[in-house]
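So the chains spell out like this:
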Amino acid sequence: MIFSLIIYASQTASQSEQSALRFTRNALQQGHTFHRIFFYGDTVTSMSNLKITSRDEIDITDQWLELAKETDLDLVVCIAAAVKRGILDQQESKRHQKSAANLKEGFCLSGLGQLADAIIHSDRVITFGN
Amino acid sequence: MTSSTLHIINKAASNSQLYRDCLDSLHDDDGVIFIESAVYTACGAEPEMFSNFNITAYALKTDILARGIQDKISEKITVVDDGEFVELCCLYKKSVSWF
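Chains as they are written, first to last, in this note's numbering: chain A, 1 to 130; chain B, 131 to 229.
Extracted from the complex, chain A is given alone in its bound form (with noise of 0.2 Å):
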């Protein structure tokens, strides 16, 4: 089956982020596919490439690139929930002339026409709230 996820919560304050990636590691063992991973809302936050993840924490955001590595997963952090809260790729800071782009790498900004385009070619949406 083709699956798409969209991801809601913050990294900091829900569990939700780290159960739709185990859900995404057991999918791809049983052999579906993924259509797109959606970062909707606060679970922006967790993109910024100036986050620090304490020593003794598990940094789940390298978790998802690694994964993605592997399994060639379609990144999607919704535009608009990123820049009102900061999280700017290159071409976002020069359009809003900011002096800095945060936005990690492995990731992409686009719209919710995406996650239209998700729905429309995946079997099924699961969503993970905060």
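In case anyone wonders, no lab produced these hints; they're calculated from the structure.
There could be a bad hint or two in this list.
[Said to hold, decoys possible] Pulled a few chain A residues facing chain B out of the computed Cβ check, cut under 10 Å:
# : residue
1 : 1
2 : 3
3 : 19
4 : 25
5 : 129
Predicted, not measured: the structure shown is a model, and the values here were computed from it.
All C-beta atoms in this analysis are idealised placements derived from N, C-alpha and C, irrespective of residue type, glycine included.
Given the structure of chain A, go ahead and fit chain B onto it with the hints provided.
Just chain B now, kept in the frame of chain A:
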């Protein structure tokens, strides 16, 4: 495959409005899965709130073990592992997440 809906709940029953909203939208033959802190709803007499419906209630093993409540889970609950959670999402045609 069933045409019913899998309701995914991740909050404890202390979020009473969330549970009221979920109960209002339940249909017979739907499934409910308790994940994250919602696994507390799988304990003792808590699942009775769903007794008016002919549903199957599941709870996620990993989250139960993480909270140390494995001895308190109601007999009415089917405990599933992460792989079985994926299988349930395939079995039910639609899913709704309550959070």
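Now for the hints, and whether the structure bears them out:
1. 1: 5 Å, holds
2. 3: 8 Å, holds
3. 19: Result: holds, 6 Å to nearest chain B Cβ.
4. 25: 8 Å, holds
5. 129: 3 Å, holds
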